[in-house]
Amino acid sequence: MRWPLGRRCVVWGCAVFLLFAGSVSDVGAMRAALSGSADAEVAAPEDQEAVRTVADRGRKRASGGDWGQMQRRFQGAFVLSAPRETRKVALTFDDVPDARYTYQVLNVLKQYRVHATFFVVGSRVRGNPAIVRRMHRDGHAIGNHSYNHPAFSRLKLSDMKDQIARTEAAVRDTVGFAPRFIRPPYGEITSRQMAWARANGYTVVNWDVDSLDWRQLKAQTVLNNVTKSVKPGSIILLHAGGGKGQNLHGTVEALPKLIKWLRSNGYEPVTIPELLGQSESRRS
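Just so you know, we're using our numbering here: the sequence shown kicks off at 6 and counts up by one.
Derived from the structure by calculation, the hints contain no laboratory data.
Where hints are given, some of them may not hold.
Claimed, not checked - Subject to a maximum C-alpha distance of 20 Å in a straight line, what follows is the list of computed EDC-like cross-link-like pairs (lysine to aspartate or glutamate): (1) Lys-236 to Asp-215; (2) Lys-93 to Asp-215; (3) Lys-93 to Glu-285; (4) Lys-236 to Asp-213; (5) Lys-233 to Asp-213.
All chains, please: the whole structure from these sequences, using the hints.
Below, the structure written as structure tokens:
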């Protein structure tokens with residue numbers, strides 16, 4: 006039966022409304038699960054992450070083109086993995102330091118004698134310097150994950166540079182060096198920002214394996230997400246920090262199993278500097 010145009014419009018309108026309402030509900034639930042903190046500046050990153058990842062996570066695009074194009078254009082300065090000839094892989098942890106989870110992750114890494122890379126949020130470094138000093142003392146690498154976790158693709162170059170500089174100052178004040186490695190929040194960076202980073206001696210490090218642990222997954226799911234995708238030279242994205250109420254226990258519980266699995270399958274977990282053969286600190 007072919008309905009009159011007016012009725013068809015009403016039906017399509019209802020369908021669109023229901024679809025939109027469902028999407029808003031999903032985003033609202035994610036926001037409720039992941040956001041909130043006494044310190045708004047620290048809470049904002051995870052709140053933005055919760056909302057934006059519904060549409061953007063897994064799309065693997067940067068404003069200047071997709072990640073593959075970025076890697077070809079900025080060879081050696083925009084990295085998703087190391088050459089596949091190596092059996093080394095890098096465990097990387099974002100959104101740190103966080104007193105609830107970062108210490109637990111550090112303890113597991115120490116127990117299994119593994120060195121990893123932590124991408125720090127500058128405002129959190131200022132609030133938790135002892136955790137960052139522990140990272141450095143334990144032999145882990147430290148990278149720059151912005152000052153308060155905005156999407157770089159939405160920032161002017163001058164504002165992006167300020168995010169890097171403020172975090173760089175926080176790390177230097179805490180452990181005495183300026184990080185070479187940058188991980189842009191959400192993996193987003195523009196071609197213009199990328200050109201500036203390369204010209205100033207930075208290496209931008211995204212990933213080729215996403216654990217999806219930010220979804221508050223159970224340990225076995227986190228483990229499966231990594232093991233089904235890892236390859237020689239992989240850079241693995243995990244989180245050791247989150248918003249108030251965000252549950253990353255699955256990450257902590259999965260980590261010993263992941264380390265054992267990697268080793269039993271011939272992989273050697275190393276830091277980003279070792280994986281890429283670049284120094285941890287940037288020469289000004």
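Results for each hint:
no., hint, in the structure
1, Lys-236 to Asp-215, "holds (12 Å)"
2, Lys-93 to Asp-215, "holds (17 Å)"
3, Lys-93 to Glu-285, "holds (17 Å)"
4, Lys-236 to Asp-213, "holds (9 Å)"
5, Lys-233 to Asp-213, "holds (12 Å)"
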